Amino acid sequence: MSNMLKMSDFTPVIGIEIHIQLKTKSKMFCACPADYSGDEPNSRICPVCMGLPGSLPVLNRAVVHQGMLAGMALNCAVQPVTFFSRKAYYYPDLPKGFQTSGCDMPIAVNGWLEIKDDAGNPKKIRIHCLHIEEDVGKLLHSASDGRLEGADASYVDYNRAGLPLAEIVSEPDVSSAREAVEYVTALRRRVRYAGASDVDLEKGMMRFDANVSMKCADGRWGRKVEVKNMNSFRALERAIEYEIKRQRKIMEDGGEVLPETRHWNDAKGVTTASRVKASARKFMMEPDLPPLVVTPDWVEEARASLPEMPNEKTARYVEDMGLSEADAAVLTDSIDVARYFEGCVDAGANPARAGNWVRTEVLRVVNEKRCGADELTVKPASLAELICRIDDGRLSTTLAKRVFEAMLDGLTVDEALKKSGAAEGEVGADALGELVRATLAANPDVVEEIKSDKLDKNTKGKKIKFLQGLVMKETRGQARPDEVSKIIESALNLR
Amino acid sequence: MRFRSMGAREIAAGVREKKFSAAEVFEECLRTATDCEDRLSALAAVTAEAGRIQAKRVDEKVAKGEDPGLLAGVPVVIKDNICANGIRTAAGSRILGDWVPPYDATAWSLLADQGAVLLGKGSMDELATGVSDGSAAAVAAGYVPFSLGSDTGGSIRLPASYCGIYGLKPTYGLVSRYGMISYGSSLDQIGPFTRSVEDMELVMRVLARHDPKDSTSVSKNEIFARRTNTLKGRRIALVKEFMDFSPTLDQITADAMKRTIRLFEESGSEVIEVSLPTVARYAAACYYTIAASEAYTNFARFDGVRCGRAAEAAGLREMFETTRSEGFDGGVKSRIIVGTYLSEPDCYEKYYVAATRVRTLIAEEFYKTFDADRIDCILQPVTPSLSGKIGELNLYTLTANVAGLPAFSLPAGLQIIGPRWSDGELLDIGLEVEKISGAPKIAYFLQRR
Ligand SMILES: [Zn+2]
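So the protein sequences, as listed, match chains A and B. Okay, so the first sequence: first residue is 139 according to this note's numbering, each after it adds one. Okay, so the second sequence: first residue is 1084 according to this note's numbering, each after it adds one.
Please keep in mind that the hints were generated in silico from the structure rather than gathered at the bench. Please note that the accuracy of each hint is not assured.
Claimed, not checked - Residues of chain A placed beyond 10 Å of chain B at every Cβ, according to the derived structure: (1) 359; (2) 367; (3) 372; (4) 426; (5) 548; (6) 627.
To be verified - Only pairs whose alpha carbons sit at most 25 Å apart, straight line, appear in this in silico DMTMM-like list of lysine to aspartate or glutamate: (7) B:1433 - A:242; (8) A:362 - B:1429; (9) A:362 - B:1427; (10) A:225 - B:1093; (11) B:1416 - A:231; (12) A:353 - A:338; (13) A:225 - B:1401; (14) A:276 - B:1110; (15) A:225 - B:1196; (16) A:225 - B:1111.
Predicted model only: the values in this text are computed from it and were never measured. Glycine included, every Cβ here is placed at the ideal spot set by N, Cα and C.
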């Protein structure tokens, strides 16, 4: 049987579960700060997030707001009532012996995201639901590879315990590792746009699990395997690729894929069956929290704070501003860059030129400094001013780049002009060259006359003076006339 | 023996008016407790040091002319499942070991803010599977004029009636549960024991505060402002199904019922009979399911990792298992097993979800009966038998917890149950009864001669 099956006879059926850390000042059920980066282990804790006997949770309303924003960014419907459940199991990183989760009645349901399938066609990935829940602590093992097996001692840091998470569960609409990566990339971009999460992968703010099963053309279905522990796009991609291959091999050999939980080992590049039997987690209603009623006003408030999403922005840049789809996609990749670009355009810069500047200079600096575009010293209005000066010929592109560098130190356009060696108002040689070329191009009849041998030297000189005058007028008298005439003469091959 | 029979109000007034000092009161109460403890074992811990410091602070305030609070210098015992910062709290269980909570329960901090002085922690059965017996005994024997207990299915009212004092299980949400070690979170309420209705009202005025740390707490302090000083025109209900159990009533309880019914009738109240079939039939099963499910998850945090006692063991799983099998007693273990079973995926709908639905029906039946018959309160025994085994399900008390209703147990072994937030009115009724039948006396016989 196996000989007869081709690779194309197997269709992977993949659902993705994503945990993202919602962006709030404090934890989900207590006042401990949500940002603990760089703090001592167990320094950001209190009786509530430690689950000490007698402590009770109080829901942080900001978590609900952020959860709604994330849901709306994923085209979900917000549910009017949600309640919390206790998800009970024993593990040292779980302070109360149960996780308080909104999983039984999710706050947002029935969403979707559009991606391109492997053939390049648009494809919708449906989102089953988004619910909010609390994070657990972090286990630190003394074993050399940092893993639980073989560790002499384990330590728990509860700084992370109680941080607000959103779990986003997709329908099994994903068909390849590439689609999975495109889905999570698009999802990450939209959630970040909404301001619901910083989704910083390096800080563990986005984690992935994948449910992978295989459908065979001969009618056989493999059982669903849950693959856990992926913390990067690359890990997600590799884990799914590995799991597809593994399951296909089993099915090709006539075997049966077992329903199980497998852990992705990033170092070895394999998934291994979880040794702990996945006992069914037990649920019951959280009696310490009343049902959460999300009023229509609250939903509207959240919706009003939702910015224009990247897809809509891209379409607008293409249609209204005439940018190419590829350029628009680069500009809309992160909202701070898109806002920067829009700031330039609003301040009067030509969209095409502003787009070029933002895609090249601004993004280069943002990447170098590892900061947001909104944190740049050069504000969009200043860049727009610089761009306008290029447009009206007062600056060459080369000189403008030097001026931009100087502006990064906090100078205004004029100050930067001085500092970069160009006297205030002085027109650089490049810009002058450009202006001359433009002036000649705009007066082909005069150029024709000068080039022909019909005119005497005196008349020719007058014609050149005429062109020189036009250029001088363009530079508002800032250029040196002898230099202008030199450039005109060399442009006309008279020298 | 100046202070032993004094009520909280009288002590606070005396301290405020400098008739005596908080320190004097505390030392005498401490002596009484020390004298009785070997026979009574009412206290899990005596907090002499902490109490002396608090008493001294009250006296300093009085000396400086500052307001020492409504409970200035009044000694108090709180049940050992209510946390007090820096004071060992074991909730009657080995599993908590020598745990010292780093924070105050809201109920205790409200008392402390009003100048109450901690004498000790009231002994109790493990993690509230039994009753708040230590807190009740401490009031009955006159260690303190009032104490705090907690009531999940009758654990305030039962010991109150055994000891012949007052005990109030407030409406669910009236008193903050923050800092009380939960048993059945949706059933638990903290409430006071006192020897007079006047003191009960004083303490409840202090305790009934909205607490932002407890999401189930509400702001209803105003319910104690109402005053109706007559029983005339009150409508008192006897529940047919609970009167059917009469043959099992101890003679002493049966007599008390008869006497009290007559008292109401003679005072111009109307005593009528109502029927609560759903409550009588399902409340116990509903209670048992919910209490066990909540208890099992509430007790899941006792794993030896963050607080309390941890067993020595080679691996993680072994550590959990040994810690819990050594740390819990049989009663708690059986509830954990039942709770775990009831929330198994295939039992969850059948038992747990069903119980929560039945609970709604029970609350509705109470509500409709109170509303339709314009009833002020239900009168019924606290328990059908005074010699009942401690820790057994008691249908007579648990109904109020299932429905979240206030229930006030009177010294005669009877309780009055009212609609939600009628706590103030129950005290009004209790006060009129007390005027006729008298307040409870100190159980002096416990004194070592
Ligand atoms: Zn905290």
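These are the hints, each one checked on the structure:
1. 359: Correct as stated: the minimum Cβ-Cβ distance to chain B is 23 Å, above 10 Å.
2. 367: With a cut-off of 10 Å, residue 367 (chain A) remains clear of chain B, as the shortest Cβ separation is near 18 Å.
3. 372: Per Cβ check, residue 372 (chain A) is outside 10 Å of chain B; nearest 31 Å; holds.
4. 426: For residue 426 (chain A), whose nearest Cβ neighbour in chain B is about 5 Å away, the distance does not exceed 10 Å, so it is violated.
5. 548: Answer for residue 548 (chain A): holds, closest chain B Cβ roughly 45 Å.
6. 627: Non-interface label on residue 627 (chain A) holds, nearest chain B Cβ at 83 Å vs cutoff 10 Å.
7. B:1433 - A:242: Holds, at about 17 Å.
8. A:362 - B:1429: holds (21 Å)
9. A:362 - B:1427: holds (22 Å)
10. A:225 - B:1093: violated (50 Å)
11. B:1416 - A:231: holds (23 Å)
12. A:353 - A:338: violated (34 Å)
13. A:225 - B:1401: holds (22 Å)
14. A:276 - B:1110: Roughly 49 Å between the alpha carbons, so the hint for residue 276 (chain A) and residue 1110 (chain B) is violated.
15. A:225 - B:1196: violated (37 Å)
16. A:225 - B:1111: violated (50 Å)
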